[in-house]
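Student: Okay, here's what each chain looks like letter by letter:
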Amino acid sequence: MTARLIMKLRVADAVATTPEVLHLGLVHPARPELPAWTAGAHVDLRLPDGRVRQYSLCGDPADRGRYEIAIKREEAGRGGSAWAHDTLAPGAFAHVSAPRNNFPLDPDARRHLLVAGGIGVTPLLAMARALSASGAEYAFHLCAPSPEQAPLLAAVRTVCGPRLSCWFGSEGRRFDPDALGPAEPGTHVYACGPQRLMDAVQSGLVARGWPVERVHSEHFAPLRDESFVPEPFEARIASTGQVLHVPADRSLLDVLRSAGFDLPSSCELGVCGSCECGYRDGTVIHRDAVLPHAKRRSRMMPCVSRARDAVTLDL
Amino acid sequence: MTGETRGAMPGETAPRMVEAFAHAAGSAAVRVPGGAAGWVGTLTHIHIAPAASYEMEAVSEAVCVAGRGIEGDRYFLGTGTYSPKPDVREVTLIEQEALDALNRNDPPLQEGPLRLLPGDHRRNLTVRGVPLNHLVGRRFRVGAVILRGGRLNFPCRYLEELLGMPVYLPLYNRSGLNCGIESGGVIRPGDAIALLD
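Residue numbers (this note's numbering), protein chains in the order written: chain A, 3 to 317; chain B, 2 to 198.
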């Protein structure tokens, strides 16, 4: 995890892309260029009360002059999206972090299949822009209840053209992972959307023989595992030999913090990737939704993940 | 590791501001005669940030409060991140000449020139014509405000991460000066800077 600069950006434009989704353009009041980013990246939006929300960038990674995000109003949420909808009018300022990418395009892929559900369209639209610009082979599957409720539909149509397939419930078309075809070598799938769609894509494709490392996804919400019973364990600090006891009712991140390790953190739900740290040995119980499988042998998210008996942390 | 580092390490207490001259570097230097004298420098920019990681904002004037810092800045508010080692960090300064050198790729410790604007470096005051490395343990005047030089600042990995630039090595030993405020007041870009003793 690297530290990220927090900038005070000005809302240049705010447009309702659907009745529920606000599409924002953000610019720096003094600098012509913002920090560079790659498709799939997100920024942290700082709310006035100190809380932090992650939003994927949906604009053009080649345009360094502005960031674009789209925020769905969640009436049953924790208040962040309602604050954004009520406050972020043109001319308003928002504290926004430099981007970070937990959901990158695979550089070795030869063909990309993008599956978006609802507001999950945001990182995938940026991917489509990057893939179009580089002339890569890709297809875009957009799932929504209806065209009117599909955020950024006009932009997706413009960028993807004939590569776009729409799956609107109102038209009786429901997305089926079979639409992605067989697992051809070099083809990677990227999915972002509601949990139901993610589960269908993940489990559907793996059941159809797709290697798990070629099915990438980004989650908005923590993984649900109500049956998980946390147990106490020991965390050993590699640099000092210090042993910390992590009780069943506290997170590893919390215990580390109490011991003076000031790890960056943001969502504390296992989705943002801010608190990532390395470990050397021990059986880690990964409970996050962000760390790629390939990194799970040596990295973990101490906000939600735990260990069986003991773990030695690279701190 | 000083500069803007991430919080206290285990077993160490939170950062504590101490008298600049009580710091080992300052107390040794204050008794030693010599150093560059006869110069007159200028304050070119003032920047403050409300908290750690927040982008620095340029201001056209700043209120310096003795024993605390610049009003509205993280050092004043106690919301910054810095080394837990005893140090004085009420105001930090850096030489424009050091930034110019990075822009010339001097020394060539990185792939190419580094363009660091005032404010990118996260020090409060950008100055020209002021030999900051000579001001450890010295009193000097910025406009009507009197500062005391504490220990030299050092670049850190946190700064590199925030900037996304490899500034650690090229800024080594010219990363500015941490100061205490002996006598407060209002400062503005353009103020003259001069050695007192």
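Hint data in this document are derived by calculation from the structure and do not stem from the laboratory.
Glycine included, every Cβ here is placed at the ideal spot set by N, Cα and C.
One or more hints might be untrue.
As the list claims (entries may be wrong) - Sample of chain B residues facing chain A (criterion: CB under 10 Å; computed from the structure):
no., residue
1, S54
2, E56
3, A59
4, V60
5, R69
6, P109
7, E112
8, P114
9, L118
10, L160
11, L164
To be verified - Across the chosen pairs, the derived CB separations fall in these ranges:
no., chain 1, residue 1, chain 2, residue 2, range
12, A, R298, B, R189, 26 to 34 Å
13, B, V187, A, A84, 48 to 56 Å
14, B, G68, A, P21, 49 to 57 Å
15, A, D283, B, A195, 56 to 64 Å
16, B, N174, A, D110, 54 to 62 Å
Student: For each hint, tell me whether it holds in the structure or not.
Tutor: Evaluated hints:
Below 10 Å, beta-carbon pairs count as interface contacts, and S54(B) has one with chain A at about 5 Å; its hint therefore holds. With 10 Å as the threshold, the beta carbon of E56(B) comes within range of chain A, its nearest partner Cβ sitting at about 5 Å, so the hint holds. Contact between A59(B) and chain A, as hinted, is supported at the beta carbon level, the nearest pair being about 8 Å apart and thus within 10 Å. The restraint placing V60(B) at the interface with chain A is violated, with a minimum CB-CB distance near 13 Å, outside the 10 Å limit.
With a cut of 10 Å, the hint placing R69(B) at the interface with chain A is violated, because the nearest CB-to-CB distance is about 23 Å. Checking P109(B) against chain A: minimum C-beta separation of about 23 Å lies over 10 Å; hint violated. Hint status for E112(B): violated, given a least beta-carbon distance of 16 Å to chain A, over 10 Å. The criterion of a C-beta within 10 Å of any C-beta in chain A is not met by P114(B), whose closest approach is roughly 17 Å, and the hint is violated.
This hint holds: L118(B) has a C-beta 9 Å from the nearest C-beta of chain A, less than the 10 Å allowed. The beta carbon of L160(B) is positioned within 10 Å of a beta carbon in chain A (closest approach about 8 Å), and the interface hint is therefore held. Interface hint at L164(B): satisfied, since its Cβ lies 8 Å from the closest Cβ of chain A, which is below the 10 Å cut-off. Between R298(A) and R189(B) the CB atoms are about 54 Å apart, so this pair departs from the stated range of 26 to 34 Å.
Remark: the range hint 48 to 56 Å for V187(B) to A84(A) is contradicted by a beta-carbon distance near 41 Å. For G68(B) and P21(A), the Cβ-Cβ distance of about 55 Å falls inside the hinted range of 49 to 57 Å, so the restraint holds. Separated by about 59 Å at the C-beta atoms, D283(A) and A195(B) satisfy the suggested range of 56 to 64 Å. In this structure the hint that N174(B) and D110(A) lie 54 to 62 Å apart at CB is violated, the actual value being about 43 Å.
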